[in-house]
Amino acid sequence: MLALFVLGCGGSLSDEQRKEMREKMELSKIVRVTEVEITEAAFSKGREVVKTLENLDSAKLNSFLKINRQWVRYIQPGKSRARALEQQLVEAYLADKSGALQDNVQKQRNDKGDFDSLLYTKPVVKKSGDGSEQLVGVWNIWLPKRQLIMDIGKNK
197 MLALFVLGCG GSLSDEQRKE MREKMELSKI VRVTEVEITE AAFSKGREVV KTLENLDSAK
257 LNSFLKINRQ WVRYIQPGKS RARALEQQLV EAYLADKSGA LQDNVQKQRN DKGDFDSLLY
317 TKPVVKKSGD GSEQLVGVWN IWLPKRQLIM DIGKNK
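Position one of the sequence shown corresponds to residue 197 (the working numbering), numbered consecutively onward.
Careful, some of the hints might be misleading.
Using 30 Å as the maximum straight-line C-alpha spacing, the simulated DSSO-like pairs for lysine-lysine come out as follows [as the list claims (entries may be wrong)]:
1. 303 with 241
2. 256 with 308
3. 275 with 256
4. 225 with 341
5. 293 with 322
6. 308 with 322
7. 341 with 215
These aren't lab readings, by the way, just hints derived from the structure by calculation.
With the hints as extra help, turn the sequences into a complete structure.
Structure (C-alpha coordinates):
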(Lines of atoms letter the chains of each structure in order from A; the text may use other names.)
(Lines give C-alpha, C1' and ligand atoms only; values in the text may rest on other atoms or scores of the structure.)
Protein backbone atom coordinates (compact mmCIF):
# COMPACT_ATOMS: atom_id res chain seq x y z
CA MET A 197 0.00 0.00 0.00
CA LEU A 198 2.82 2.40 0.93
CA ALA A 199 4.67 1.65 -2.32
CA LEU A 200 1.49 2.32 -4.30
CA PHE A 201 1.06 5.67 -2.50
CA VAL A 202 4.67 6.71 -3.20
CA LEU A 203 4.41 5.72 -6.85
CA GLY A 204 1.04 7.49 -7.13
CA CYS A 205 2.44 10.77 -5.83
CA GLY A 206 5.45 10.57 -8.07
CA GLY A 207 7.05 13.53 -6.26
CA SER A 208 6.63 15.75 -9.30
CA LEU A 209 5.43 19.32 -9.23
CA SER A 210 3.53 21.15 -11.90
CA ASP A 211 5.21 24.05 -13.70
CA GLU A 212 3.05 26.49 -11.74
CA GLN A 213 4.05 24.90 -8.42
CA ARG A 214 7.74 25.00 -9.39
CA LYS A 215 7.45 28.68 -10.34
CA GLU A 216 5.73 29.47 -7.05
CA MET A 217 8.38 27.57 -5.09
CA ARG A 218 11.20 29.45 -6.90
CA GLU A 219 9.54 32.80 -6.13
CA LYS A 220 9.23 31.92 -2.44
CA MET A 221 12.88 30.82 -2.33
CA GLU A 222 13.92 34.07 -4.02
CA LEU A 223 11.98 36.14 -1.46
CA SER A 224 13.58 34.34 1.45
CA LYS A 225 17.11 34.67 0.03
CA ILE A 226 19.45 36.56 2.36
CA VAL A 227 20.91 39.65 0.73
CA ARG A 228 23.42 42.04 2.28
CA VAL A 229 22.18 45.61 1.87
CA THR A 230 24.02 48.71 3.11
CA GLU A 231 22.48 51.86 4.57
CA VAL A 232 23.68 53.78 1.50
CA GLU A 233 21.84 51.38 -0.82
CA ILE A 234 18.66 51.77 1.23
CA THR A 235 18.93 55.57 1.11
CA GLU A 236 19.62 55.54 -2.64
CA ALA A 237 16.61 53.24 -3.16
CA ALA A 238 14.44 55.65 -1.12
CA PHE A 239 15.56 58.60 -3.27
CA SER A 240 14.91 56.63 -6.45
CA LYS A 241 11.47 55.38 -5.39
CA GLY A 242 10.45 58.78 -3.98
CA ARG A 243 11.46 60.60 -7.16
CA GLU A 244 9.60 58.03 -9.24
CA VAL A 245 6.39 58.48 -7.22
CA VAL A 246 6.60 62.31 -7.28
CA LYS A 247 7.19 62.31 -11.04
CA THR A 248 4.07 60.18 -11.48
CA LEU A 249 2.06 62.46 -9.18
CA GLU A 250 3.15 65.59 -11.04
CA ASN A 251 1.86 64.11 -14.30
CA LEU A 252 -1.65 63.35 -12.98
CA ASP A 253 -4.55 65.70 -13.61
CA SER A 254 -6.16 67.21 -10.51
CA ALA A 255 -9.11 64.76 -10.33
CA LYS A 256 -6.86 61.68 -10.56
CA LEU A 257 -4.38 63.24 -8.14
CA ASN A 258 -7.06 63.93 -5.51
CA SER A 259 -8.39 60.40 -5.86
CA PHE A 260 -4.89 58.91 -5.55
CA LEU A 261 -4.14 61.01 -2.45
CA LYS A 262 -7.39 59.92 -0.76
CA ILE A 263 -6.68 56.25 -1.38
CA ASN A 264 -2.99 56.44 -0.39
CA ARG A 265 -3.11 59.07 2.37
CA GLN A 266 -1.14 56.86 4.77
CA TRP A 267 2.01 56.84 2.66
CA VAL A 268 1.68 59.81 0.25
CA ARG A 269 0.89 63.26 1.60
CA TYR A 270 1.08 66.80 0.28
CA ILE A 271 1.75 69.31 3.06
CA GLN A 272 1.17 73.04 2.63
CA PRO A 273 2.89 75.27 5.17
CA GLY A 274 0.38 76.46 7.75
CA LYS A 275 -2.60 74.81 6.03
CA SER A 276 -2.15 71.08 6.52
CA ARG A 277 -2.12 68.81 9.51
CA ALA A 278 1.35 67.35 9.42
CA ARG A 279 2.94 64.63 11.49
CA ALA A 280 5.76 65.76 13.79
CA LEU A 281 8.59 64.79 11.42
CA GLU A 282 6.76 66.26 8.44
CA GLN A 283 6.26 69.55 10.29
CA GLN A 284 9.94 69.70 11.27
CA LEU A 285 10.96 69.24 7.66
CA VAL A 286 8.54 71.91 6.42
CA GLU A 287 10.00 74.32 8.99
CA ALA A 288 13.52 73.40 7.84
CA TYR A 289 12.58 74.12 4.22
CA LEU A 290 11.03 77.46 5.25
CA ALA A 291 14.15 78.41 7.23
CA ASP A 292 16.51 77.59 4.34
CA LYS A 293 17.53 80.88 2.74
CA SER A 294 20.04 79.39 0.28
CA GLY A 295 17.43 79.39 -2.49
CA ALA A 296 18.23 75.82 -3.52
CA LEU A 297 15.65 73.58 -1.87
CA GLN A 298 16.36 69.91 -2.56
CA ASP A 299 14.64 66.61 -1.98
CA ASN A 300 15.53 64.77 1.20
CA VAL A 301 15.32 61.36 2.90
CA GLN A 302 14.91 60.93 6.67
CA LYS A 303 14.91 57.73 8.70
CA GLN A 304 11.79 57.16 10.81
CA ARG A 305 12.12 55.20 14.04
CA ASN A 306 9.38 53.02 15.52
CA ASP A 307 8.43 52.77 19.23
CA LYS A 308 11.33 50.37 19.87
CA GLY A 309 13.89 52.80 18.47
CA ASP A 310 14.57 50.79 15.30
CA PHE A 311 14.22 52.55 12.01
CA ASP A 312 11.51 50.84 10.02
CA SER A 313 10.67 53.40 7.33
CA LEU A 314 12.06 56.34 5.44
CA LEU A 315 10.42 59.62 4.58
CA TYR A 316 11.22 61.06 1.17
CA THR A 317 10.37 64.77 0.87
CA LYS A 318 10.31 66.93 -2.23
CA PRO A 319 9.69 70.68 -1.88
CA VAL A 320 7.35 72.36 -4.36
CA VAL A 321 8.40 75.94 -5.02
CA LYS A 322 7.31 78.84 -7.17
CA LYS A 323 9.49 81.67 -8.38
CA SER A 324 8.58 85.12 -7.19
CA GLY A 325 9.09 88.31 -9.19
CA ASP A 326 12.53 88.94 -7.71
CA GLY A 327 13.77 85.48 -8.74
CA SER A 328 13.67 83.94 -5.28
CA GLU A 329 11.86 80.69 -4.58
CA GLN A 330 8.86 80.47 -2.28
CA LEU A 331 7.83 77.15 -0.70
CA VAL A 332 4.30 76.22 -1.78
CA GLY A 333 4.19 72.70 -0.36
CA VAL A 334 6.10 69.51 0.29
CA TRP A 335 5.49 66.03 -1.08
CA ASN A 336 5.96 63.40 1.63
CA ILE A 337 6.38 59.79 0.55
CA TRP A 338 6.59 57.25 3.40
CA LEU A 339 8.57 54.19 2.33
CA PRO A 340 8.78 50.97 4.38
CA LYS A 341 12.40 49.92 4.86
CA ARG A 342 11.50 46.26 4.43
CA GLN A 343 9.97 46.87 0.98
CA LEU A 344 13.01 48.88 -0.13
CA ILE A 345 15.32 46.04 0.94
CA MET A 346 13.18 43.48 -0.90
CA ASP A 347 13.28 45.64 -4.06
CA ILE A 348 17.08 45.95 -3.79
CA GLY A 349 17.34 42.18 -3.31
CA LYS A 350 15.36 41.55 -6.51
CA ASN A 351 17.83 43.66 -8.45
CA LYS A 352 21.00 42.05 -7.03
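Results for each hint:
Among the hinted pairs, residue 303 with residue 241 is consistent with the structure: their alpha-carbon atoms are about 15 Å apart, no more than 30 Å. Of the pairs offered as hints, the one joining residue 256 and residue 308 is violated, with about 37 Å between alpha carbons and a cut-off of 30 Å exceeded. Taking the CA atoms of residue 275 and residue 256, the gap is about 22 Å. The hint holds against a cut of 30 Å. With a C-alpha separation of about 17 Å, the suggested pairing of residue 225 with residue 341 holds against the 30 Å cut-off.
Restraint check: the Cα-Cα separation between residue 293 and residue 322 comes to about 14 Å, which is no more than 30 Å; the hinted pair holds. Proximity of residue 308 to residue 322 is assessed by CA-CA distance (about 39 Å); at most 30 Å being required, the pair is judged violated. Under the criterion of a C-alpha separation no larger than 30 Å, the hint pairing residue 341 with residue 215 is consistent with the structure, at around 27 Å.
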